[in-house]
Amino acid sequence: MSIHLSHQQRRILAYSIPVLAVFAALLFGAIMLVLLGANPFEGYSEMFIGAFGSGNALIATILKATPLLFVGTGIVIAFRANVINIGAEGQMVLGGLFATMAALYLPEMPSFIMVPVILIAGLAGGALWGWIPGALKAYYRVNEILSTIMLNIVAVQLMSYLLRGPLIDPAEIERGTRIPQTERLMESADLPLLFGSDRFHIGPVLAVLVAIATYYLLWRTPLGYRLRAVGLSEHAARYAGIPVRRTIALALTMSGALAGLAGAVLVFGSESHRMVTDGSTMGFTGSAGFNGIVAALLGGLHPIWTIPASFLFGGLIVGGQALQRAVQVPSALIVALNGLVVVFVVAADRYRVRLLSTDGRAQEVEDDGKMPLDEEDSALGAVYDAAPMGTDSYGQDESGDDPP
Amino acid sequence: MSEVFTTAVMVAVVASAIRLAVPLLLAALGETFGQRSGVLNLGVDGIMLLGAFSGYYAVLKTDNVWLGLLAGAIVGLVLGLASAVIAVTLKAEQGISGIGVYLFGLGMSDLLFQKLVGTPIPIDQFPGVDIPILSDIPYIGEMFFQHSLVIYLAFLSIPVATFVINRTTFGMKIRAVGEYPDAADTLGVSVAGVRYATEIIGGTLAGIAGAVLAITLGIFQQNLTNGAGFIAIALVYFGAWRPTGIMLGALLFGFVNALVLELKTLEIIPRDLSNLASMAPAIITILALVFVARRFRAPSALTKPFTRGK
Amino acid sequence: MKSRTITLVVLMAAFALIAAACSSDDSAEGFRIAIVAPSASNDLAFTQSMVDSANRIEGAEVAVTDGTFVVEDAAVALRDYATEGYDLVIGHGSQYGGSLSEIAPDFPETSFAWGTAADTFGLPNVYSYEAASDQGGEVMGIMAAALSQAANVGIVGPIEVGDAKLYVDGFEKGVLEQNPGATVNINYIDSFSDVALASEAAQSLIGAGADVMSGTAQMTVGAVGVASTEGVLWFGTQSNQTSLAPEIVVASQVYHWENMLEDMIAKIKDGTLGGEVYEINFANEGLVIEYNEDYDLPGDVKDLGEAKIDEFKNEG
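Residue numbers (the numbering used here), protein chains in the order written: chain A, 2 to 405; chain B, 1255 to 1564; chain C, 4 to 319.
I should point out that these hints are in silico values taken from the structure, not numbers from a laboratory.
Glycine included, each C-beta is placed from N, C-alpha and C at the ideal position.
Check each hint, because a few of them may be wrong.
[Said to hold, decoys possible] Label-pair restraints from in silico Cβ distances: (1) B/ARG1525 with A/PRO193: 39 to 45 Å; (2) A/GLU43 with C/GLN152: 33 to 39 Å; (3) B/ARG1562 with A/SER234: 21 to 27 Å; (4) B/LYS1315 with A/SER234: 35 to 41 Å; (5) A/TYR16 with B/ASP1526: 52 to 58 Å; (6) C/GLY33 with A/TYR106: 47 to 53 Å; (7) C/GLY125 with A/PHE53: 35 to 41 Å.
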């Protein structure tokens, strides 16, 4: 870059790049809107109003962002330990199921006991579904991408089995309607509402607290140090006496636990206060298991930056749906538009990183764990550079040829 | 139980497994090329969906299944190129940009379908080809040699891919770039060029996989692949980046699916437990990998963008 | 069956009302309907049946949010349409009920409808509706048994829940009613969206001897294709599926919600915003068997089906 920019100018430019990328994607979307016979200006103003334009819109956006933040924070933990977790969809389902079962089978207790109980149950369900691929990777060298994709399939079938069998609302059998859903779960397990709102529950606050706690965990505790050390170099970590396998299993377990928490919050913070399925994971999670990965990466794989990233991504989803309703274009357009935004933002990330790369001060801050955005390479890339993802470096065959 | 293990039933299950395996196989094979050169593409399912729609639409308009296959291939090629621009030139995070490509394909294929076609209209399917002599062998013939031409072609692509990766200069470059990009670069191999090539191959095969799916089914619908692209990615790991391993994985996954369906038809699996049985393909795929000793590791440059002199 | 009785009373009252209203203002001019539905509005199945029906109502303005399989997103959409002042907001998916019961009380001036279900939650501004898809299933099951030379019928289902289960059970009942010795194989593939698996399920049912088949939900388009290739007869449901395979589709049970919607509109205009359960069935012509004119259905088989339809009409 030949033009000399001051530190401050670089920073501002750097942070405006994701925003510019979103605009570029929306420009593509505008062309599609025109082709579909809709007015893009009207569409986008509806989108903005629908996401941020009123109290209700903000609540909808924050509630949409909540599971993204839980999942995203979990993704940060996993990625920092150099583990890819694309099983958050299934982990959310298990969290929802465990929490639901706790509310169905435990005796009614006061809210201040019930709410923590169902949250812990959700945590446990997600942790279990994260521990399985974690242990399989650590001890049996089963690649976590394979196992998490497969476990998502298992989770959805388990959900269908439970919700149309053991957990079904008895009234559904009586009426013969057989909707695969539980009865309305006990009221004392409802997530407490805040600010006198009829929908705004403690979930978002909890998610922000979890993100902050994760920041402390990763950069202020021995466990966090171990996780990051394994992520940077397994060999070095082993040399330093860190139990690498156990740490890998733990990273996926913790990542899963947070996704499970998101699942519990989805059930007990929902309008219906019950678990219901359409036979797909997406129907329950709203793809938060995938979108949470996007949020985490937009947040530079840093728990604190994942908070605004989740909020903006939640706004994009909620606003997109408002756009669909206002100008009556097929919902499919919104899905495609979401994809474009993700692609553009991620593709532009390189330029943001490059702008910050010659900034000497940024590197120091990163060492403090505060500003992972300012690495020479982008954050994830740095993790990869140190130890390539998916490498099971337990002394396997080095040959690139087919086995004989 | 004796009903299940009659030869006729097993023959049907194997034939069904082969049909279910083919789209997974083609997509996974394409992904293998990319991964061997160090690029992870999580957007396979999106490319498959757009390939499926374009293949479907081309057949709908021309009544020619081969033009449909071509349309799927071209759209896949273009999307492979786009993926390469994103992953290689712009050096984007590969996992995440793939999710973007997936969402784009999911939405766009559905949007185009709604606007250009409307409700599902059936199209011509691939003609069946009975291989002379072989198809007359009892049982074996019905299992393996009474399929449509694309299915034979898909299986023929396995040895071709193995040969290309292991025995050609191009394959050597792919492996070099995936393992030791710096060394390859020093020796004058264009890391970016090789990765562009493998991404384009991968996209094209994913597009073909989608078109094969749509034309085999003779129909298109929203989210036609139903996540097959993600299963294909899982199978690349199952097959440890080797075409033959991937073929075995795809066949295993297809076989367990087909067997479960057959057991449901014969009411050997009670309907209440149906969902539990439907978990079997996923669980068995994981277990198979646990019990088969894994002695392979990922290409060491996988997901790492290459910057010269670093 | 209590709900059926209620429905009956409601419908009789409704017809009386329509008769009364017919003379006066019965147009839906300017009436605004919003539909939130789980699958695509061109799915040739559940969602399309409602979108098509609403669009058939003259003068009504129809807004659609389809593909809303996420229940919480549907809740946001329902709330938004109510806020926008739509006269009738329809949650076209039984999984939306829980949310609707929470939303409706916040909008006492807006009329809501949801289905398929038989529960208005005791709310004065919620209608619910169901389809007696077991009736059509039974009628077509009878015809299927009469057409099956192998006395073997196969059914492809999604997940054994709700409307799908109702239809499949009805179809099986019909087959066995006509031919108690017939084999009925049922294959629930445990997915509403896996077209490839549905097509292999059809292969498997044909392998087990089926020469007449049926299936329900949007993923069965794959199964119809297999039936067509193998020359096996097919009965469709929810929307008219003849276009999928004109040579083998015998008939389809089609959901016609428009009479019900018109009745709701009339009531809403009169100030009754809900509290009633509707059922579409043969008696009120909400269910219609649409025959494929290109298929040469033997007269005696058709008579068997029509006789059953008449039976339902007289009952209901």
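Each hint, compared with the structure:
Taking the beta carbon of each, B/ARG1525 and A/PRO193 are about 41 Å apart, inside 39 to 45 Å as hinted. Look at A/GLU43 against C/GLN152: about 60 Å separates their beta carbons, and that is not inside 33 to 39 Å. In this structure, B/ARG1562 and A/SER234 meet the distance hint of 21 to 27 Å, their C-beta atoms being roughly 23 Å apart. The beta-carbon spacing between B/LYS1315 and A/SER234, approximately 55 Å, falls outside the hinted interval of 35 to 41 Å.
Hint check: A/TYR16 to B/ASP1526, Cβ distance near 55 Å, so the stated range 52 to 58 Å holds. Between C/GLY33 and A/TYR106 the beta carbon distance is about 51 Å. The supplied range of 47 to 53 Å therefore holds. Here the CB-CB span from C/GLY125 to A/PHE53 is close to 37 Å, well matched to the stated 35 to 41 Å.
The earlier numbered hints that this structure contradicts are 2, 4.
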